[in-house]
Amino acid sequence: MTARTLTMAQAIAEAIGQEMERDNTVFVMGEDIGKYGGIFGATGGLLDKFGPERIMDTPISETAFIGTATGAAAAGLRPIAELMFVDFFGVCMDQIYNHLAKNTYMAGGNIKLPVVITTAIGGGYNDAAQHSQCLYATFAHMPGLKVVVPSNAYDAKGLMTQAIRDDNPVMFMYHKGIMGLPWMAYYEGSSNEVPEEAYTIPFGQAKVVRAGDDVTIVTLSQMVQKSLLAAEELAKLGISAEVLDLRTLVPLDRAAVLKSVAKTGRLLVADEDYLGFGLTGEIAAIVAENLDTVALRAPIKRLAVPNVPIPYSRPLEQFVIPQVKGIVEAAQALMKARVAEGVAA
Amino acid sequence: MQASKDTLLWMYEKMVEIRHYEETMATVYLEGKLPPAIQKGLAFDIGSGPVPGEMHLAAGQEPVAVGICAHLKQDDTVVGTHRPHHFALAKGVPINAMTAEMFGKVTGLGKGKGGHMHLFDPVHKFSCSGLIGASLPPACGAGLAAKKMGKDWVAVAFFGEGAANQGAVHESLNLAALWNLPVIFVCEDNKWAISVPKTSATSIEWVADRASAYGMPGIKVAQNDAVAVYEAVAPAIARARAGQGPSLIEVKTDRYLGHFQGDPEVYRPKDEVANLRKNDPIPKLAAQLKNAGQMSEAEDAALVARAKQRVMDAFAYARESAYPAPLEALQHVFA
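Chains A and B supply the protein sequences, listed in that same order.
The first sequence lines up with residues 1 to 345 when you count with the numbering used here.
The second sequence lines up with residues 1001 to 1335 when you count with the numbering used here.
Errors might be hidden in some of the hints.
To be verified - A few chain B residues that don't get close to chain A, going by computed Cβ distances all over 10 angstroms: (1) T1024; (2) G1245; (3) K1270.
Unchecked claim - Simulated pairs of lysine to any residue, SDA-like, Cα-Cα distance not exceeding 25 angstroms: (4) K1147/B to D48/A; (5) K1148/B to I60/A; (6) K1148/B to G37/A; (7) K1147/B to T25/A; (8) K112/A to K1151/B; (9) K112/A to L1131/B; (10) K1148/B to N24/A; (11) K1073/B to N110/A; (12) K1151/B to N110/A; (13) K1073/B to I1219/B; (14) K1198/B to H1170/B; (15) K112/A to H1124/B; (16) K336/A to L258/A; (17) K1151/B to E53/A; (18) K112/A to M1117/B; (19) K1151/B to G1092/B; (20) K1148/B to G76/A; (21) K112/A to F1334/B; (22) K1147/B to E21/A; (23) K1151/B to D23/A; (24) K1151/B to P52/A; (25) K1147/B to P59/A; (26) K112/A to V1123/B; (27) K1005/B to A1302/B; (28) K1270/B to A1026/B; (29) K1151/B to R22/A; (30) K35/A to N1174/B; (31) K35/A to K1148/B; (32) K112/A to I1132/B; (33) K1148/B to D48/A; (34) K1148/B to P52/A; (35) K112/A to D1152/B; (36) K1148/B to D166/A.
No lab work stands behind these hints, which were simulated from the structure alone.
Don't be surprised by glycine CBs; every beta carbon is placed ideally from N, CA and C.
Model the full structure from these sequences, guided by the hints.
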């Protein structure tokens, strides 16, 4: 097996290309995915290899082409449709959650809809409220969509291959700030060794990306890279942090969360989506529902975007999106906190 | 393209079946929904009876369904609307499983998970949606699949005149024309979007006039007549099958019943339906067949009896079928 260092964008494009070679029912539709190679590079080089019949630039008509993907999948093809920014789901959500996500269920399992929707998420580069959201929890909240949120190139390739081969709709949500683009700062840990050969990573398997004993940081996407940097800082302070990369939200690896928290007794959820009614609450609930088998040393801590739209101005944006420093401080606070005693007899 | 005797007889029999189906459903639907069986103070209880939920019936709109579907093969795709029974029956969706679905039974097309607005039959390539204008994008997908697979299959998207102003419709018309997809878009103009007349909702008289704006042919069918529909749409089907791209067809039709069952219809003139029924397309086609010597009285009676029997059998099948076990609600979120 030969491996090279790839950016996440390159890894995603490679996975798509290899699956297109393997299976001629796979094709891609989206805005600026052809000559441009995708605004975030997820289809770079594919037009030259496969031509415009299979790498199809679309008009700016997300409802039409995502619905087209649903119809083509029902007819036996395996479309990949790119929603340029996840924030744009507002113009096409009916086709996504009322049709793509529900039709298999309403058909009693009699139809398969193998569609991958690729979409860019995340902020940190001052693109303001309509181009900076994560929203993975929104899609995970609604039944019928698998939700994949990779943090690095190796995982992205294996998860994309798995997504294309899955017989169900998959939201493949890549954070712009880890794609390794030449025009946007990114966390270098997201570019890593990627085998040339095709491989899959099963959904629903979180990964301990750094082992530790004192505190569990449950996280995903770009926040994994921030959490790893935070864990380095914490180590210097004598705090041993375990970083758990969820990798997929649907299905969610609940067992991995519980296993890690049972070991450390402390849980910090680091998330770039909105705080309210979201991923951090879900993870906290999983632990809370299992306090009969998991003992907490400190109350659960949640870091996420407070319930405000993502602001434009740099100091405002950097304030609302959790940063490395915030993760370090939250973990330190966890080490000092204690659960109440004497409540349970 | 003139309809053969077999096609005419098929369209007639299918229309008889559809009409009887809708009228039977209108009656069965009311079971258990009226006083004194329901909560005191209510005039009607939508969630009661053997067929709960909304019910949109298509009595009067049979010609558009049979006139189009008479051209189709099993491999052609049809995407219907929230008022889908006439399309489903005309496309060959099994009547028993379809009816069982509306009764919420485990023998239904979707094992009781879809209901009357969400009928999925992958064998006959039929689906529908409760969302207005949502039929067009997936029909584009079926057309794209046919094109990519090198088949001469076509896809039909039915939508009501009330859907004509949805973004999904305009996006899809453009995409289908741009990509030269084998799709036939059929606007079924029954004049009413629930309570809002077309004249209050759409800026032009004929939705089909919009075809030219997308660079595709527009076909207007002014009569609620199966033969007229069949003949008028033939070029659109042939065009799509030959890989020459989509067409937009508009058919004027009549809705004999309310938007849904239980609709008080305060918005439409009292005598409107009675007048519409004077032009009932079913006896009209029967008379035409008889005048042309293509159907005898005895053949007519036998055909009607056959069609009605199928409907009765379907309702009996649905009633007798079992409900799914509650835990089955947790299955089939994913394939």
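Task: Indices of hints not satisfied (ascending) - done: none
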